[in-house]
Structure formats: C-alpha cells, structure tokens
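*Asks:* In my numbering, the protein residues as written are 703 to 1387.
Fair warning: there could be bad hints in the mix.
[Said to hold, decoys possible] Here are the computed distance ranges between Cβ atoms for each label pair:
{"#": "1", "residue 1": "903", "residue 2": "1378", "range": "48 to 54 Å"}
{"#": "2", "residue 1": "886", "residue 2": "844", "range": "35 to 41 Å"}
{"#": "3", "residue 1": "1029", "residue 2": "867", "range": "23 to 29 Å"}
{"#": "4", "residue 1": "1181", "residue 2": "1348", "range": "57 to 63 Å"}
{"#": "5", "residue 1": "1109", "residue 2": "1030", "range": "15 to 21 Å"}
{"#": "6", "residue 1": "1189", "residue 2": "871", "range": "38 to 44 Å"}
{"#": "7", "residue 1": "1380", "residue 2": "764", "range": "28 to 34 Å"}
{"#": "8", "residue 1": "715", "residue 2": "851", "range": "28 to 34 Å"}
{"#": "9", "residue 1": "1096", "residue 2": "715", "range": "49 to 55 Å"}
{"#": "10", "residue 1": "1063", "residue 2": "1032", "range": "39 to 45 Å"}
[What the hints assert, rightly or not] Below 27 Å or equal to it, Euclidean Cα-Cα: the simulated DSSO-like pairs (lysine-lysine) are:
{"#": "11", "residue 1": "1369", "residue 2": "1222"}
{"#": "12", "residue 1": "1241", "residue 2": "1115"}
{"#": "13", "residue 1": "1252", "residue 2": "1241"}
{"#": "14", "residue 1": "930", "residue 2": "982"}
Bear in mind the hints are in silico, worked out from the structure with no lab data behind them. Just so you know, these numbers come straight off a predicted model, no measurement behind them. Glycine residues also receive a C-beta, built at the ideal position from the N, C-alpha and C atoms.
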Amino acid sequence: MRQFLTLNGILFTIFAFLSFLPHEGALLTRLIFSISALSIVFLLPGWNTAVIIATIFKKKFSSLEFFTFSIVASFIVPALLLAVEYQYLHILFPSLPIINTLLIFFAATICLQQNKKHSLLFNIPHNPGSFRNLKILSAATFLYLSIMVSMTTAYYPLPDLDPYYWLSQARDFFAKESLPTFLNSRPLFIAFTYLFSIGAQIDLYAYFKYALPLLSVVLIFPAALIAKNFRYPLQKSLAFLFPFTSGIIIIFLGESIPQTIVSILAFFVVAFAIHAYSQKNIFFFFLAGATVLFGYFFHEAFIIPLVSWILTTLYFFHAPIFRLIKKHFLVVILLTIILLPYLTQIGQYCLGISKIFLNSLSNIHPNLLFPQEYVNVDGNQMGWGSLFGVAKYYLFYVGPALLLLLFLLPTIKKHLWKEYLRSPEGVFLSLSFLCFFIIAEVLPRAIGIAFLPDRAWIFSGVFALGFFLPLFKTRIGGNKLVLIFFLLGFSANIGAAIYINTLKKYLIPSEQLASAEWIKTHLPQERIIFTAESSRLLKFFSNSQVVSIKDPNFLFDESVFAEKSETRQDVSITSEKKAAIESLQISVNNLDLESALSDIQKTKKLLEKIEILEEEKQGKEQIQNKKYTHYVYYAAPNKKNPYADRPYMDKKPEREMEMIFNKHPEKFKLLYSDEKNQIFLWEIL
C-alpha cells in the first residue's frame, strides 16, 4: 500500500509542478513535461490496473511479473477507456486521460483498502546471481535503446509510406475532436495516439517518428520474464535477443503503424504463455488471452491467435467454463447482448477472410515457384525473381536464428513434445504458429493465394519462440556451440535491419526534401500539385494540396495528362454525392421514433455519413472559390531505394521518352530543376 501511494504521489506531484511552469518554449522543457505527462496518462494507469487485478484475484506477483503485467496494461487500458468513453458517452477533451488515471487510482485505492492484508512483492534481491541478471538486464536495455535510437535518427522523414497515412488519420480525428468507434478498423491505435499527442502534448510527427518506435524498449520486460524460465546463463542471455527474431520484426518495431503495437504485444503474449507453462500458473495463460483480445482492436492480425486461444481454452477448460455459464447464465446473456456489436465485428472480419479463402478454392492454381514468382491478393507482382532473391527473402523475413530453430525441431524427443503439447500454453503457441506458417508458406504454394505471406512470417517468428521451451530441455539445446550459433543468428538480424533501415532514407532523400522546402517558401499558398509518386512528400513537407495520379503515363502521354488533369476543373462536390446526401436526409426524415430507437446504430451511421459529405462539400466549394495555381512535380526514385528493384515498383513505361512538359513551353513553365537527381517542377500556364 505504501509503495502504491508513494509512486502515485511522486508522479502526480512532479506533473502538477511542471504543469504550472512554462513548457512550450525550449525543447528540453517540453521534453521533460511530456515525459512527466506520459508517466501519468500512460504508465500509471497500467500500474494501478495491475494493483486492482492483483487485489481482486489475490495474486502475489514477483516484481518482474508485476512490472511486465503493468506495462502491457499501459498499452491497453488507457486507450480502451478513451475509446469506450467516446463511443458511449460522446466525450473527448485534452484532460480526459488524466481524469481516467485518477479514476483508476481511486479504484485501486478502494481495492487495497478492502484487502489490506494483500501485499505486492517488490523486493530487490541481494544474491550474486541476481546481480549478474541485473547486469544482463542493463546490457540488454542499452542494446535495445541503441538499436532503436540509431534507427529513428538515421533520417528525418518517417520510415515508410504507411505511417504518413496513419498520421493523417490521427490528425483528421483530433481536428474533429473525435475517435474511431469499435465498429471501425483498429480503433485503439488512434486512441493510443491521442494519449501521446493530446494527453502528453507530444507533436504528432514526433510521436510517429520517435516516441512510438522507442516504446519497443519495453520489450526488455517480456524478454526478462522469458529468461527467468531458462536454466543456463547463455540461454538466459539468448532470451533477451528474442525480440530480434528476424530483420522484418525489427523493422516493424520502428514503423509507427498499428502493426508496431501488435508486434510488441505479441512478445508479451508469448512471454505470458511461456511463463504460465514453466511456472504452472494458469493466470498468465488467461492474461495472454486478454492481451490478444484487446490487441485485436489495434490490428486484425491478432484474429488468428485470438481464435487459437479460444479453441485451446474450450478444449482444456470446457467443463469449468460450462459450469460457470450455467451458474451465472443471466450474467452471461447480459454480457453477450452488450458485447454483441463487437463480437459481430470480429465475426464479420472472420467471414470476410473466409470468403477470400473459399473464392480462392474455386480457382486453385498451385505455385511451386513461390516466392520467386507470385502475385498477392491485391494483384501486385511480389516475386523475388531469382535464387539470390529468394535467399534474401528468407534471410530477412525468417532470419537465420528462426531457420536454425526450425531445423532443430526434429531433434526434440517425443516425450518432450508430448509434455509441451499437453499443456494449453503449448497448444496455443503451436496452433498460432501453425496458422501463420500456413499463410506464409502453404497457401501461396498449394492454392496460389498470397495473403501477405511476408507479414505472416513476423508473427510466425514470434509464436515459434515457444519451441525453445522443449528445445532447451534437450542436450543439443544446452550445447554452447549451438547457443552461440543462435546468438550469431540474432545478431545478423540486427545488422540486416539496421542496414535496410539506413536505405530507407532514400525513400524520400534529402534532395527531394530540399525541393519540398523550396516549394513551401517560393510558391503561393493557394497551389495544387499533380504528381505520380511524391504525394506524401508534397503534403507533409511542402504543405501543398496534392492530386495523386496513379497512372505514370501522364508524364509522357498528352491525352492521359489532359484526362487526369481535368479533375482540377471539377473540384465541387459531384452530383452522385449530392444525390447521396439527399437520399440519406430523406431516409433519416422518414425514420419515426420507434424505428430510430430500435436501430439507433444505423441512424447514427447515416447522420455521420451526411456530416462527412457536407464537410467535404463545403471544403471543395471553398477551394472552388479560391484561385489556385497548378503545378506538376516529378522526382525520379533514388536508385538506392530499398524497394526500387521490387516488381510492384516497376510502373514506368519501358520505352524511354522525354516527358511532355518540356516539349510545350507555351503550356508548362519549368520552375525548379535538379538535373542530377531528376527532380522537376512545372507550372501549368
């Protein structure tokens, strides 16, 4: 109780003190304030939630168990509260995250008062072995920080194209003082972003560029929890490298997209399952299930471990579950009714995936050349072209450490497999791995469906870590030479990730940033720029309105350019959208009170759609009333771009011809020219 009150008191006092000081000037003062605010809106809710759970279930955690639990609760609980409050109470304001922290604090205080005998273990051990572990922990923390800092500071732009989309999404929601509902895709990611951007007053770009990638440092806790369950020092040391299972996992930890958070949560899930198996503590198995459930609302990839966990739980615990349902039947019915919309959303997503799979069965075309040649579900050519390309694919997306682990699986004795697979944790981890493995390797070859097989290897690699449990009980799993090979494999993954990340600075190289700055400072603010592949550069770094044209032929074919550029003449709302507004308004007007109450969600969606269309109409009419100058921007992709040789990037016509804009000086005036880097800007006269 004293530790609980002391921590809360210290953090609230520091935050209150800093709140009264000016913190909008120097970078250092803003940084100190934001860190203090994060301790309130991010860390404390998780800490206090762990206290509540510990007292309710009368659990006595070790300090490591408690901290690991509190960190995963910090990722879920404050964002979940914001999303629930917005959906049901329609409230959202900057101080709401702080109020939520206070509410959780009061709830934890009440729980502790009701159970004064309960104590949490935070003892600092004093035996030499513990100090050796502390040295390993410190070294691992330094390693994690070094990797993420080196990756985030390698260049100024965001690490890929997807983060710009999510930054725009967050900016749009926050400008309207709103959040996505649970019926939208990935609602908790935007709510989580709100904690940092609004609650802790971190600049939105700084959050996506630095704050979110640096959160990967918390993986030190699940790694330490896993290490606790291994026998030999070298095995324990190896556990701290588990977050670096493959190069692609490390890259995704620095991407600042929803997959970043579910990748972090996936390591916590595996750590809880491994800990539950080793300590025979079923609480952590259910904690893993809860993490997967709420993680689904960060990203739908967690649907696979969620279904795997549910099936495993029903198989091992069906008798007590049915007894519990029978005993509390009315409560179960009430909860089902309350959760029905969210269960329906999960069900619809599963149904959509099932439809894709069933449709593919009607057009089976085995592809034994995968991954040398294949087309993904979006119709993009994704093949790696040669034996060397295939080798790069597996070394980066699977990694030498995981390849070695899979190679050694046949050496595990039958009785160890039985012991592992007779446990709910072993079945859950193995089933999750198997499902992702099928998506990554079996489906593309057997029936020709490639549903992001490269991304599936991210989660295959994470859930495969459970196989170290039976492997480390074998003689070969304790062999120092084998463990050193694993160590080298994980180290190779780190090197590969840092190398690929360094190449990403050529996605938006410094020369293109310089051109964007020139546009920002030399052109009128009322400008619209046509471009084929530089829309994110121009939107975020030149603050321009951009018309993105997907067809690259507009650079070379006058008729294509004429057709595509006509959009600038029709910026008002289309007749179809006007008709949609009128239809929706009529539909709402015809709803009587009874039908509205019986179908309130449908009514709300209709009204929201009308509001969005009306805002779009007003915005476009404002554009129409202004006089805009139009430009065409072209920047050749840098040859060092890591995606430059990928087949889906080969969009330029094979024929070499001069772009049409230089042929017609009476129509296009060249304003900016960088011949060396092939960057040009023309004004449309």
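*Asks:* Are the hints correct? Go through all of them and say.
*Replies:* Outcome of the hint check:
{"no.": "1", "hint": "903 with 1378: 48 to 54 Å", "verdict": "violated, 41 Å"}
{"no.": "2", "hint": "886 with 844: 35 to 41 Å", "verdict": "holds, 39 Å"}
{"no.": "3", "hint": "1029 with 867: 23 to 29 Å", "verdict": "violated, 47 Å"}
{"no.": "4", "hint": "1181 with 1348: 57 to 63 Å", "verdict": "violated, 39 Å"}
{"no.": "5", "hint": "1109 with 1030: 15 to 21 Å", "verdict": "violated, 48 Å"}
{"no.": "6", "hint": "1189 with 871: 38 to 44 Å", "verdict": "holds, 40 Å"}
{"no.": "7", "hint": "1380 with 764: 28 to 34 Å", "verdict": "violated, 59 Å"}
{"no.": "8", "hint": "715 with 851: 28 to 34 Å", "verdict": "holds, 30 Å"}
{"no.": "9", "hint": "1096 with 715: 49 to 55 Å", "verdict": "holds, 53 Å"}
{"no.": "10", "hint": "1063 with 1032: 39 to 45 Å", "verdict": "holds, 42 Å"}
{"no.": "11", "hint": "1369 with 1222", "verdict": "holds, 23 Å"}
{"no.": "12", "hint": "1241 with 1115", "verdict": "violated, 58 Å"}
{"no.": "13", "hint": "1252 with 1241", "verdict": "holds, 16 Å"}
{"no.": "14", "hint": "930 with 982", "verdict": "holds, 14 Å"}
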